[in-house]
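*Asks:* If you want the building blocks of each chain, they are given just below.
There are 2 protein chains.
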Amino acid sequence: MENIKAYVSQHKDRFLNELIELLKIPSVSADSAFSQDVLNTADAVKEALSKAGCDTTEICETPGYPIVYGEKIIDPNLPTVLVYGHYDVQPADPVELWDSPPFDPIIKTTDKHPDGAIFARGACDDKGQMYMHVKALEYMTSQGELPCNVKFMVEGEEEIGSSSLAWFVERNQEKLSNDVILISDTGMISNTQPSITTGLRGLSYVEVEVTGPNRDLHSGLYGGAVANPINILSKMIASLHDENNHITIPGFYDAVEELSLEERAEMAKAPFSLEAYKNALDIDQEYGEKGYTTNERNSIRPTLDVNGIWGGYTGEGAKTVIASKAYAKISMRLVPNQESEKITALFAKHFESIAPKAVKVKVTPHHGGEGYVTPIDNIGYKAANKAYTKTFGVPAIPQRSGGSIPIVALFERELKSKTILMGFGLDSDAIHSPNEHFGVFNYLKGIETIPLFYKYFVEMSK
Amino acid sequence: MENIKAYVSQHKDRFLNELIELLKIPSVSADSAFSQDVLNTADAVKEALSKAGCDTTEICETPGYPIVYGEKIIDPNLPTVLVYGHYDVQPADPVELWDSPPFDPIIKTTDKHPDGAIFARGACDDKGQMYMHVKALEYMTSQGELPCNVKFMVEGEEEIGSSSLAWFVERNQEKLSNDVILISDTGMISNTQPSITTGLRGLSYVEVEVTGPNRDLHSGLYGGAVANPINILSKMIASLHDENNHITIPGFYDAVEELSLEERAEMAKAPFSLEAYKNALDIDQEYGEKGYTTNERNSIRPTLDVNGIWGGYTGEGAKTVIASKAYAKISMRLVPNQESEKITALFAKHFESIAPKAVKVKVTPHHGGEGYVTPIDNIGYKAANKAYTKTFGVPAIPQRSGGSIPIVALFERELKSKTILMGFGLDSDAIHSPNEHFGVFNYLKGIETIPLFYKYFVEMSK
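The listed protein sequences derive, respectively, from chains A and B. Heads up, the first sequence is in this note's numbering, so the first residue is 6 and it goes up one at a time. Heads up, the second sequence is in this note's numbering, so the first residue is 6 and it goes up one at a time.
Treat each hint with caution, since some may be false.
Now the stretches of chain B that chain A is said to cover, found in silico as 3 or more residues with beta-carbon under 8 Å [as the list claims (entries may be wrong)]: (1) 85-95; (2) 300-307.
Partial pick of chain B residues on the chain A-facing surface, computed with a CB cut under 8 Å [stated by the list, open to error]: (3) D98; (4) G320; (5) K324; (6) D432.
Cross-link-like lysine to any residue pairs, in silico, SDA-like; alpha carbons within 25 Å at most [what the hints assert, rightly or not]: (7) K362(B) x E248(A); (8) K365(B) x E291(A); (9) K365(A) x E294(B); (10) K362(A) x E248(B); (11) K367(B) x E248(A); (12) K367(A) x K365(B); (13) K362(B) x T298(A); (14) K362(A) x L279(B); (15) K365(B) x D287(A); (16) K295(B) x E357(A); (17) K367(A) x S244(B); (18) K365(A) x A281(B); (19) K347(A) x S169(A); (20) K295(A) x A243(B); (21) K29(A) x E321(B); (22) K362(B) x E280(A); (23) K362(B) x A285(A).
Everything labelled a hint here was simulated from the structure, so no lab data went into it. Predicted model, so just to flag it, every value in this text is computed and none were measured. C-beta: ideal position from N, C-alpha, C; glycine also.
Next comes chain A alone, as it looks inside the complex (with noise of 0.2 Å):
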């Protein structure tokens, strides 16, 4: 795999635009506006595949979108690599805050990106990601460095729970064996030093729904007479933290593991600056729960946080009204133990229970998923550390990660194999917010790094 640096620079423009042809396409999940290009997208990605080199693609049908799957075997008696991505993203809005429009891709440079950046939804989460994985592909294919057989699973609803690919995985368990599963859809602490993340937290996300007078009122003459559902909706979401921003929900904590003195030590070796922090999203003081450092409270500690709230009149000018409805979106962040399910049915048990009478409240599930932690003593971690190791210079930093990916659990239970988290974004590449990017350093350094990988795994396999 000698020539792999310089196969990449060779076609480093084609890899460009064949990424931006598939972050054209707006594979939005979460709104059925967009369902047609979702399918679309999966099209390209079965495309993609073939021309990489698998000996076979198909459009998996599941009850939502399909999977793509794809895979070159060459020797059943050789390791195998699954590798995992998602080819649907975040909606875009809100979309007058992007500076390019969101579907039509442009490469910029930044203060972190000096040799470019591309801006597009979905750039780094996770189309850009997962069609590394496609080059690397290509790369072994067509120079025959494949040392091991390999299996694509590509889905369309990450970002709305995953629970098709749930549903396709159970059922596949045999097509879908493998030896290590790699993913890219996780970030790294920055260009020059790699991290490999071996936590991910679970999510737990539910919609409510406060309902007070059948009708919209007029507040002069309703006002102070009847339950407002937005100020009752307030109330119930304040209550929901204490002053120590602990979260009150009963039982909400009892499965969380707390870690040693020594572990919160290892992880505080990790370069950051609260100053840098703060600058970087213009905030006077961070805030969260007592006890805690930042990085604590975004990795190791499990969270709440509203993600939308609707109601009442929200046009231009004034309206005396009191709404009848007000609405809520909130998610949760797991740790590992706590399981989503059992959480989601605390907080709702609990979100009724503290609502007065004068209102209704419902609350709908919309999706969960497990919290993970991968052992840094396996041969995947090893294999990944040491591709990193050699092509960046630096071994990486195993890292805890706020984020969520909620299939790894799921795999681990119904493929009973390990997953490694590669990634090759940074956290300031804007991933579900505006202007969402990423590095070309970052896109060709995975083309890179990843061949790597199959190459140290088949060998610490033998």
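Since chain A is already given, all that's left is putting chain B on it; use the hints.
*Replies:* What follows is chain B alone, placed relative to chain A:
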């Protein structure tokens, strides 16, 4: 005026059709998208006034929407009645909750309106009630029954704070000089029990903006470590009421006049069924300030209600985002002696003071108005009561309303005359709500009653 009843029933259909035409114009003053419609409505009102017998009518330009003015002076030595109304309407949203298009009026019968009611935005508030006065004038002029001078002042910004009206009144005291001001922009107890509104609440209306991070963030990577503006806004809103639903803004109650037990006992005599009230709104329990009845809470007590709230992802499905900003529209209903501007300042000071350092807060005043109380011993009130007694067969009951007509206090200050609030709507007419309507009975009864007010007022003025 013996033939008034006959005249009304003879012209009933035309009176209805003329009002329906006026209701078809969507004069939503809060939304600039409708500005041309608002202006067209002013022209339509001007034309209606000339047809009804005004000698002079004009469109008076202001910094905002124009005031429609009309007058008929028959003898400078006779008393002058100044009629006030507004031709603008509330926004119609949520439009999807209307059973028929808000600006495509239809007449349907209801339990409360067996003779039918006109369903349209503005049917009751205030186009329908304002147009009763136009038709009453038509009767008096066409039948030679006008006993005094009359002036009309119809504005287009009542639903957004009447700021241009204040500007106009301050500059036209001479033109607007009068002996009594007559307004139909309130309600009555029922179609068998008329009432006259003797008190109005003031209003302070603000919009608040809470800013956390400078961009939307991924709730997994940042959740728990940064202040979520929606959670913070909810906390701040919740803290504005204590456990007894008293408002916690320091100084908020300082100017509030406490009614004597006698006055409260007098109020309590008005027919009212809490069960019927709760059933009408489909609520299991009323809600409000401890120590006061439902009718006291919505009339003699000040309130604080969130009229609208929004932030984050409010679309279909789930988006795991921490919003950069959250917003709310908040209004406070004030009682006589509470000064709107002072309360707005108290709110802003308090709201900024309770914001954690981790967010930035902006408070923008929308508009306000002062409360008002009419004595029941002046001839204006007595003439109105005699008119109701004649047409309804029973005397009217004096009633405090929870609503606000911000300019009534201004009229007394600038024009030195009392305002009589002859309302013909019902609380169930759903003003400011979807499916606003106005009873055909109420509309015609108003046209029948108003001329009698003129007659008795002139007689009592001698």
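*Asks:* Do the alpha carbons of K365(A) and A281(B) lie within 25 Å of each other, as the hint requires?
*Replies:* It holds: about 19 Å lies between the C-alpha atoms, which stays within 25 Å.
*Asks:* Min Cβ distance, D98(B) to chain A: is it shorter than 8 Å?
*Replies:* With a closest approach of 7 Å, the D98(B) hint holds.
*Asks:* Are three or more residues of the region 300-307 of chain B within 8 Å, CB to CB, of chain A?
*Replies:* holds (count 5)
*Asks:* Does the alpha-carbon distance linking K365(B) and D287(A) stay inside the 25 Å limit?
*Replies:* 10 Å, holds
*Asks:* Keeping to a limit of 25 Å between CA atoms, is the pair of K362(B) and A285(A) held or broken?
*Replies:* Measuring from Cα to Cα gives roughly 16 Å; hence the hint holds.
*Asks:* Holds or violated: K362(B) with T298(A), Cα cutoff 25 Å?
*Replies:* 17 Å, holds
*Asks:* Are the Cα positions of K347(A) and S169(A) separated by 25 Å at most?
*Replies:* Holds. K347(A) to S169(A) sits at ~21 Å (cutoff 25 Å).
*Asks:* Please verify that hint: K324(B), Cβ, nearest Cβ of chain A, below 8 Å or not.
*Replies:* 6 Å, holds
*Asks:* Hint check: K362(A) vs L279(B), CA-CA at most 25 Å. Holds or violated?
*Replies:* Between K362(A) and L279(B) the Cα gap is close to 15 Å, so the pair holds against 25 Å.
*Asks:* For the pair we were handed, K362(A) and E248(B), check the Cα-Cα distance against 25 Å.
*Replies:* 15 Å, holds
*Asks:* State whether the coverage of the region 85-95 of chain B by chain A holds or is violated, taking the criterion as 3 or more residues with Cβ-Cβ distances under 8 Å.
*Replies:* violated (count 1)
*Asks:* Check whether the Cα positions of K365(A) and E294(B) lie no farther apart than 25 Å.
*Replies:* At roughly 20 Å apart (the allowed maximum being 25 Å), E294(B) and K365(A) satisfy the hint.
Of the numbered hints stated above, those contradicted by the structure are hints 1, 12, listed in ascending order.
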